[in-house]
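Asks: Listed in order, the protein sequences are those of chains A and B. Counting from 1, one number per residue, gives the positions in the first sequence under full-length UniProt numbering. Counting from 1, one number per residue, gives the positions in the second sequence under full-length UniProt numbering.
These are computed hints drawn from the structure, not numbers from a lab. A few of these clues could be false.
Residues from chain A that face chain B, not an exhaustive set, calculated with beta carbons under 7 Å [stated by the list, open to error]:
| id | residue |
| --- | --- |
| 1 | K2 |
| 2 | T5 |
| 3 | L9 |
| 4 | A12 |
| 5 | C16 |
| 6 | V47 |
| 7 | P49 |
| 8 | R50 |
| 9 | W53 |
| 10 | N115 |
| 11 | N119 |
In the SDA-like style, the derived pairs of lysine to any residue whose C-alpha atoms are separated by at most 20 Å in a straight line are [claimed, not checked]:
| id | chain 1 | residue 1 | chain 2 | residue 2 |
| --- | --- | --- | --- | --- |
| 12 | B | K199 | A | G116 |
| 13 | A | K14 | B | W347 |
| 14 | B | K257 | B | S128 |
| 15 | B | K325 | B | W347 |
Non-contacting residues of chain A with respect to chain B, defined by C-beta distances greater than 10 Å in every case (computed) [claimed, not checked]:
| id | residue |
| --- | --- |
| 16 | M4 |
| 17 | A54 |
| 18 | T58 |
| 19 | T61 |
| 20 | L63 |
| 21 | T67 |
| 22 | P72 |
| 23 | S80 |
| 24 | E87 |
| 25 | H106 |
| 26 | K114 |
| 27 | G116 |
| 28 | A118 |
The beta-carbon is built from N, C-alpha and C at its ideal position, and this holds for glycine as well.
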Amino acid sequence: MKVMTLNFLTCAVKNCKSSNDSFPLHPKEAELAKDDIEINPQLLINVLPRIDWAALRTTSTELGFPTLPEQPPSPEDLQSDEALLKELHELLMETQMMEGKLVCGHCGHEYAVKNGVANFLLPSHLV
Amino acid sequence: MSTYATHPCEAPVTFLCGHIFHKRRAYHGPTMQVPSVPSSLSGAVPPWSNNAPVPCKLCRENKLWEYDWRRRVWMKKDNVCNGNNHPKTHHPTAIMLPTPDTSHVPYQRVYEPAEDSFLLLDTLSSPSETAFLSSRFASPSPSSPSPAPLVLEVGPGSGVVIAFLTAHASTIFGGPHVLTTAIDVSPFACAATNLTVSKAVSENTSTSGFWTSATQGDLVSPFRPGSVDVLVFNPPYVPTPDLPAPPPTGLQELKDKTTFEEDSHLLELTYAGGRDGMETTDRLIEALPGVLSERGVAYILLCAQNKPEEVKGRIRAMGGEGKWKAETVGTSGKQAGWEKLQIVRVWR
Numbered sequence: 001m002k003v004m005t006l007n008f009l010t011c012a013v014k015n016c017k018s019s020n021d022s023f024p025l026h027p028k029e030a031e032l033a034k035d036d037i038e039i040n041p042q043l044l045i046n047v048l049p050r051i052d053w054a055a056l057r058t059t060s061t062e063l064g065f066p067t068l069p070e071q072p073p074s075p076e077d078l079q080s081d082e083a084l085l086k087e088l089h090e091l092l093m094e095t096q097m098m099e100g101k102l103v104c105g106h107c108g109h110e111y112a113v114k115n116g117v118a119n120f121l122l123p124s125h126l127v
Numbered sequence: 001m002s003t004y005a006t007h008p009c010e011a012p013v014t015f016l017c018g019h020i021f022h023k024r025r026a027y028h029g030p031t032m033q034v035p036s037v038p039s040s041l042s043g044a045v046p047p048w049s050n051n052a053p054v055p056c057k058l059c060r061e062n063k064l065w066e067y068d069w070r071r072r073v074w075m076k077k078d079n080v081c082n083g084n085n086h087p088k089t090h091h092p093t094a095i096m097l098p099t100p101d102t103s104h105v106p107y108q109r110v111y112e113p114a115e116d117s118f119l120l121l122d123t124l125s126s127p128s129e130t131a132f133l134s135s136r137f138a139s140p141s142p143s144s145p146s147p148a149p150l151v152l153e154v155g156p157g158s159g160v161v162i163a164f165l166t167a168h169a170s171t172i173f174g175g176p177h178v179l180t181t182a183i184d185v186s187p188f189a190c191a192a193t194n195l196t197v198s199k200a201v202s203e204n205t206s207t208s209g210f211w212t213s214a215t216q217g218d219l220v221s222p223f224r225p226g227s228v229d230v231l232v233f234n235p236p237y238v239p240t241p242d243l244p245a246p247p248p249t250g251l252q253e254l255k256d257k258t259t260f261e262e263d264s265h266l267l268e269l270t271y272a273g274g275r276d277g278m279e280t281t282d283r284l285i286e287a288l289p290g291v292l293s294e295r296g297v298a299y300i301l302l303c304a305q306n307k308p309e310e311v312k313g314r315i316r317a318m319g320g321e322g323k324w325k326a327e328t329v330g331t332s333g334k335q336a337g338w339e340k341l342q343i344v345r346v347w348r
């Protein structure tokens with residue numbers, strides 16, 4: 001699963017939805033892979049407004065990527081800052097989590113990631 | 001001899017063997033009788049064409065357009081149709097967005113694209129829907145980017161629909177800056193979908209959106225509130241006495257060998273809809289206000305036995321009069337005055 005997906009996913013347990021701690025999920029024992037994709041600045045500029053920047057910063061740090069600036073860059077910043085553009089491209093578009101776990105910060109439930117697919121099916125006592 | 005309950009939309013079928021795959025085909029009669037043209041497409045011209053029907057020069061019948069059901073393309077012949085004793089000198093031209101390749105999908109445990117899947121492709125690429133989607137999601141100009149929409153297919157199976165939407169994002173959504181994703185309870189469907197989409201994207205790089213990856217889960221349960229802009233759902237819509245149980249732990253991971261019972265269970269999950277065939281669809285509709293963004297749109301496929309008019313009425317009544325709209329935007333021909341299958345668009 002692409003790292004970008006972590007920006008859209010939260011804990012599947014109903015009671016966790018309202019808690020701030022359930023997002024973003026925390027990667028654990030993550031094995032990463034990198035796809036080679038041509039950089040597309042316009043796509044990144046269109047994607048950024050829908051990214052939760054604070055959550056992306058957390059994910060980036062937890063996966064061992066360089067710390068992102070505190071504020072999301074504007075389209076102009078992105079066009080002029082090639083290093084940041086490359087960094088975001090690599091993190092959001094190219095990096096995949098292949099194996100590991102995603103942990104909810106509220107209930108502590110661990111979702112397994114196998115063969116690049118995260119499993120959000122809950123055991124019956126949590127449904 | 002065992003007799004299966006048949007899909008009430010279809011003619012009764014009796015089978016000697018108990019193979020669930022046949023049972024599934026029995027529910028969906030038309031997929032057994034390939035080549036079968038969805039009846040809405042058996043007209044003289046493609047539904048999206050503004051051309052008046054052009055008769056064949058020899059027999060005067062409106063047969064110059066023909067729908068290739070398997071490849072999902074319209075074929076146009078120059079002057080004469082394929083009638084008896086007609087000269088075969090004309091090469092037909094294929095016109096339409098190609099169907100993604102799903103030849104790698106293990107159909108013994110993943111739903112094979114059928115009339116319902118193709119109705120979704122046709123509806124979502126029809127002029128009226130592409131116009132609707134483009135006006136809602138395309139960036140007005142490069143200098144004022146609109147946030148890239150997130151397109152989610154729930155229960156993609158083979159992945160044919162979401163691969164089609166990803167590969168032809170420019171045509172359908174008015175621009176390639178679209179994120180796509182999918183969620184399915186079956187690990188085999190997730191793997192198949194990832195592969196189908198990658199293949200389709202590699203063949204259509206210039207028009208493709210950005211595929212993020214398939215996730216395993218129940219309906220929209222792990223998606224953040226308000227995160228989905230376009231949701232597409234081809235539900236398990238066949239009325240059955242009971243809903244199948246969710247996949248047990250042993251069926252939540254990819255494995256090389258599955259038993260016949262496990263395959264049957266996975267296929268049952270693709271079609272069995274419980275009471276009125278609506279038990280799963282109703283749960284999804286209930287989740288829509290939470291998961292759809294303000295500009296969000298959902299496309300839901302229904303069959304006649306789902307009582308589509310009542311379903312639309314229930315959606316329109318959600319959250320008070322006038323808040324939600326529900327309209328039929330695509331149908332597969334009529335049978336005894338009923339639309340067999342239809343696509344309902346739901347939006348605020």
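Asks: For which of the previously enumerated hints does the structure constitute a violation, in increasing order of number?
Replies: Violated hints (numbers, rising): 5, 9, 13, 14, 16, 26, 27, 28; every other hint is consistent with the structure.
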